[in-house]
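Asker: Start from chain U and add chain S according to the hints.
As they're listed, the protein sequences go chains U and S. Numbering of the first sequence is given in UniProt numbering, commencing with residue 1 and proceeding in unit increments. Numbering of the second sequence is given in UniProt numbering, commencing with residue 1 and proceeding in unit increments.
Incorrect hints may appear among the rest.
As the list makes no split between identical chains, a pair holds if one copy fits it or if it spans any two.
Claimed, not checked - Taking lysine-lysine pairs in the DSSO-like style, the calculated list, with each CA pair at most 30 Å apart, reads:
| # | residue 1 | residue 2 |
| --- | --- | --- |
| 1 | K202 | K577 |
| 2 | K54 | K540 |
| 3 | K251 | K227 |
| 4 | K317 | K529 |
| 5 | K553 | K164 |
| 6 | K40 | K54 |
| 7 | K227 | K317 |
| 8 | K70 | K127 |
| 9 | K45 | K70 |
| 10 | K111 | K529 |
| 11 | K529 | K482 |
| 12 | K576 | K488 |
| 13 | K482 | K202 |
| 14 | K488 | K553 |
If you are wondering where the hints come from, they were derived from the structure by calculation, not from laboratory data.
Protein chains: 2
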Amino acid sequence: MHPFDDLTPEEIHRARIAVQSLHRGEELVFKGITLEEPDKNIMIKFLQDGLSGKIQDPPPRQAYCVYYIKASDTLMTTWIDMKTNLVSKSEAPSNEFHGNVDFNEVDDVEKMVMQDPAVLEQIRRLKLPPHLTVIAEAWGFGSDGLADRERQYQVYMFVSEVGKPDSNHYARPLSFSPVVDPVRMKVLRIEIIPTGADWTLKPLGPYEDNGRNEYVPEANDLRTDLKRLHVSQPDGPSFSIDDGNVVRWQKWYMRVSFNYREGIVLRNICYDGRPLFYRVSLSDMTVPYADPRSPSHRKQAFDLGDVGAGLVANNLKLGCDCLGSIAFLDGFISDRRGNPLRKENAICIHEQDNGIGWKHTNYRTGRACVVRNRELVIQTILTVSNYEYILAFIFNQAGQMNNQVRATGILSTCAIDQETQVEFGTIVHPGVLATHHQHILSLRIDPAIGSYSDGNSLACQESSPFPHEPTFNPHGNGYISKTRIIEKSDGVDIDINRGQTYLIQNPNILNSINGRPISYKIHSPPMQKLLASPDSFHYKRAEFADHEIYITKYQPDELFSGGQFTNQSRGGHGIKKWAARRDNVENEDIVVWVQFGLNHIPRIEDFPVMPVEMMTVSLKPVNFFTRNPAIDVPPSTLASNQSVQVNGCCGITSSL
Amino acid sequence: MHPFDDLTPEEIHRARIAVQSLHRGEELVFKGITLEEPDKNIMIKFLQDGLSGKIQDPPPRQAYCVYYIKASDTLMTTWIDMKTNLVSKSEAPSNEFHGNVDFNEVDDVEKMVMQDPAVLEQIRRLKLPPHLTVIAEAWGFGSDGLADRERQYQVYMFVSEVGKPDSNHYARPLSFSPVVDPVRMKVLRIEIIPTGADWTLKPLGPYEDNGRNEYVPEANDLRTDLKRLHVSQPDGPSFSIDDGNVVRWQKWYMRVSFNYREGIVLRNICYDGRPLFYRVSLSDMTVPYADPRSPSHRKQAFDLGDVGAGLVANNLKLGCDCLGSIAFLDGFISDRRGNPLRKENAICIHEQDNGIGWKHTNYRTGRACVVRNRELVIQTILTVSNYEYILAFIFNQAGQMNNQVRATGILSTCAIDQETQVEFGTIVHPGVLATHHQHILSLRIDPAIGSYSDGNSLACQESSPFPHEPTFNPHGNGYISKTRIIEKSDGVDIDINRGQTYLIQNPNILNSINGRPISYKIHSPPMQKLLASPDSFHYKRAEFADHEIYITKYQPDELFSGGQFTNQSRGGHGIKKWAARRDNVENEDIVVWVQFGLNHIPRIEDFPVMPVEMMTVSLKPVNFFTRNPAIDVPPSTLASNQSVQVNGCCGITSSL
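Chain U on its own, in the form it takes in the complex:
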């Protein structure tokens, strides 16, 4: 067993037994059982010795377990040594921390709400026609500092079609929202949601139906002129998967793992036998909403910390989510009782063609050399209630690694009166408002540029003009690029006007041709930072959302930039605190956190399901190799790719 292997079902089982032995007679509600990150110092030796063929003792293997003692709201974290099955450590975090939402509890809450007399009374007032019914949807409560120390759920209510369980209820939001205590499992109060342009609350009257807005194919006239497109690999894929998680493809090597919180975690990423990254994963994400009115002011999802990317991973059905020759990996998480739960087909791996990789034509001889840009995709897809994220790590033959996020799914909606407009949202259906919101993601990169044991540095590269003076730059065209090392842990920004780019460097290894430190540069999309006021709870909680880049010195247990527990968090336990140590981060064991995302001003075109919005963070080699690493890709030829010429003339005559 490799230290980076995920817990097996058998190990999850043993961990549960060990935890239960600590709490004899008590019923436990498990939130997660997962591999504790192995000791990095030992792992570095282990990996380094592996490179030279030596065998080193692996670090101790531990399970990390998070759970509640049922009906007590006491959150516990316990570590189990997998060799001895003994508890290594167990503690109850402060009661300001809360475990993540899980779908068993959500289901319980939603069912309970639909039987609550006060809720039923509200529903009666709607005077719904017989073909309509009501659906409850539980959200994490968020924080505003007002009586929110206890764990709660905010439940949004919608109208749906009787007997059509896949009708899009998000097109029919209601303006009341029960608040639920999940420990005592009861409705605490029903909040009324304003439907005008201000805070005014209106009494609930009979429901005015504005009609359906469905996404299921049977409810839409589908276009009929889309011809089939097949992707096939007659000789099979170019990748291999060994030992269940070792992926090799086109000189790339990595270990793929999966946990309930981050979903995909990639470890020990190497190219051509040279280490690049020790560990890469999506660390956190925050989705704060713009509506200042209660209860919407608390709407701020942390989809990874509040719920879990692995917990809500889709079963990637063959042939629907991907095209071509696809391999699937299952993940194992735990259910509420701590039993192993198989997440089938949670990860898919396939190759794709992404156009031309490089090309040059010699104009003297007319000879063209062209190669295609083949990519390897390692993908997972999350459904967090209404919303979907397609998360992929993509590798190419030029030594580049991308983290691509596609945002899709259904906008979070609320009711709005007819003839009303607000500046914090867009009407996407009659009577339906989709509030502006930001998606700010945080990618954690634990680098090992060219070596497991060397220190790395983060350098800011920027370009500026030479002074226009008569000696060196008399014509005024000259400019230079300079790099500056970030010396202390910090949050830093990207100034496009100065051409700033950040490079993760290994200052101990210089390029053999040009003498520059071997590096990987970070290319991230432009991002408007968190808009919420710095003294708001949105801001305090979204620890990472104020800088495009954070750099910290590696510390175990610092994996999640928003903090270990984000559900109803209040800030103070994440990246800001760690960066504030002002550790030396020059030529050290560093961690780089890349924030990216979008300010989503909804378009009506984003409803009922939004077309994917794509964001990509790229990690590209800079003076890491001695030439284009894709120069050895075989040329694209007709014989190998079997493309065909078509005339495109379908006999349709021009009329426009």
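Answerer: Structure of chain S alone, referenced to chain U:
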């Protein structure tokens, strides 16, 4: 014949005859014969009446001809009426303007240089071994205001392998550069290029060979583990091409044309019968270099205006440049004698799959709806000496149009002494420097949002926090987006920190559901603007490179943002001048110019041929439709896409 149809070979022939009749007995050197843009006012009526089935007289059809009277350096522009074959207008532009570089002249210059005694004397001093030879490569001269009124060429010299015409000579640059007068066809002088860190010039000595750096496959050990990937469309493609240039695909409609300067021009782009854009093309491009020393200080390519995207368009060989079912269009330009010249396969059209288009899973029922993101690609590829641009317009099923640019090819190089470093370039091979440079492109969008005849406006949308105050925003989370119309023609910028986005709006048509003006928004990549000093020639010439967006009121003959003639231009005749009119551009016939590009700090990985660097400008509907226009795309199913599951286990055992 449709007014937007390109000139036919027969028309080019007739135009040449008509021009020649104006210059009896004189030999002419043609630079271009192309369709004069038809009168827009007449065209709007023509297109509008076409929508309602009426037939309107087309505007007069004219050819625009640019040429030199041979050996006189007199540039002429003449318009020919294609109905009468008569000259409508003829004029000699001011002698500060110069025609574009063409490959016949480049060939003549390069051959002449290689026979020039002074050049041969320099070559002798190199004392080359018998397996090496010298290659001359002619560049546009650029401008610095010093004795550059006359048209000239700057010729760069390289060493190459005897008998290996596709050896990469860019890995062996020489440090002398002849300057050529192309009218008298003679070498004016030989300039020495500094090879140290400053302006010091060194006498040319025997050539020190630093070895080859080849990109041709036979000179490289190719990787052998890349398996074949086929794309096939068993029922043919989903697009049709009628009348040679009318492309229909998935509710899209457009006319594709081709000219020597812009390459692809798209006109009358509609979705589902609704007009979107009257005309879209890449208008201009500048590539200024960072080396302040002579002669590099003049290095600033305008690849479209100085040469021509159509002139240097590649023959897109079937199955090498694209994958799948591909249609090709030829283009027609003119040769130096004014005869029609077929550019075979200059444009390719094909479909591609770009991952998931939208997805939602109902967590209650587990039902997933997912569609793929099929795209139509209309592509051309340019080779401008060492460098390649892959230019594509890409359409999807969600009403989105992209202009994607892939930069590839070979870096422009010069010689550098061993053990020398400079801050304005990167060593990419021993003794070889690739200078920093910017690529700034200018996309011209002549919009017709929702109507041919309505005025359009450009709106700047930005997001800002509500004030954190107790009445409306007591929790401090609220934020709003507002739009502001640009009232006067101007250059404007994108401030990421304020979340600025620009929307092209039709204020006369409001969305039927939400009452907002129908719009298309511009999403362009972040760009560092021109770094050259504002009083430099680089800056004066790159009229468009100081703002991400320009907006002007439509004027005929304002097609090229750097000006009609960019070769050795001095500025003052492009977008800056037009914007300075401060025309009213609110609800008017506007043109929007989008600048984008990259500051290329070369990596050693960009040599010998660079992996594609991708930049995309997107035009996305915003409240133009009433819902996601791709909601009617048929779902992706295994039956239709025939994907297969693989286990990825190739029996390779883990060793790392």
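Asker: Now look at each hint and say whether the structure bears it out.
Answerer: Hint check results:
Proximity of K202 to K577 under the C-alpha cut-off of 30 Å is found in neither arrangement, the shortest distances being 43 Å within a copy and 56 Å between copies. Taking the closest pair of Cα atoms, K54 and K540 never come within 30 Å of each other, the shortest separation being 47 Å inside a single copy and 63 Å across copies. In this assembly of identical chains, K251 and K227 lie within 30 Å of each other by CA distance solely across copies; the values are 14 Å between and 36 Å within a copy. In this assembly of identical chains, the alpha carbons of K317 and K529 never lie at most 30 Å apart, being 36 Å within a copy and 46 Å across copies at closest.
Taking the shortest Cα distances, K553 and K164 never come within 30 Å of each other, neither inside one copy (53 Å) nor across copies (52 Å). Within a single copy, K40 and K54 get their C-alpha atoms as close as 18 Å, which meets the 30 Å cut-off; across copies the closest is 76 Å, which misses it. In the homo-oligomer, the alpha carbons of K227 and K317 lie at most 30 Å apart both inside one protomer (21 Å) and across protomers (24 Å), since each shortest distance falls under that limit. For a Cα distance limit of 30 Å, the shortest separation of K70 from K127 qualifies neither inside one copy, at 38 Å, nor across copies, at 88 Å.
Taking the shortest Cα distances, K45 and K70 never come within 30 Å of each other, neither inside one copy (42 Å) nor across copies (74 Å). Neither within a single protomer nor between protomers do K111 and K529 lie at most 30 Å apart by alpha-carbon distance, with minima of 38 Å and 57 Å respectively. In this assembly of identical chains, the alpha carbons of K529 and K482 lie at most 30 Å apart whether taken from the same copy (26 Å) or from different copies (17 Å). In this assembly of identical chains, K576 and K488 lie within 30 Å of each other by CA distance solely inside one copy; the values are 13 Å within and 44 Å between copies.
Taking the shortest alpha-carbon separations for K482 and K202, only the inter-copy value of 27 Å comes in at or below 30 Å, while the best intra-copy value is 60 Å. Only within a single protomer do K488 and K553 lie at most 30 Å apart by alpha-carbon distance; the minimum there is 9 Å, versus 51 Å between protomers.
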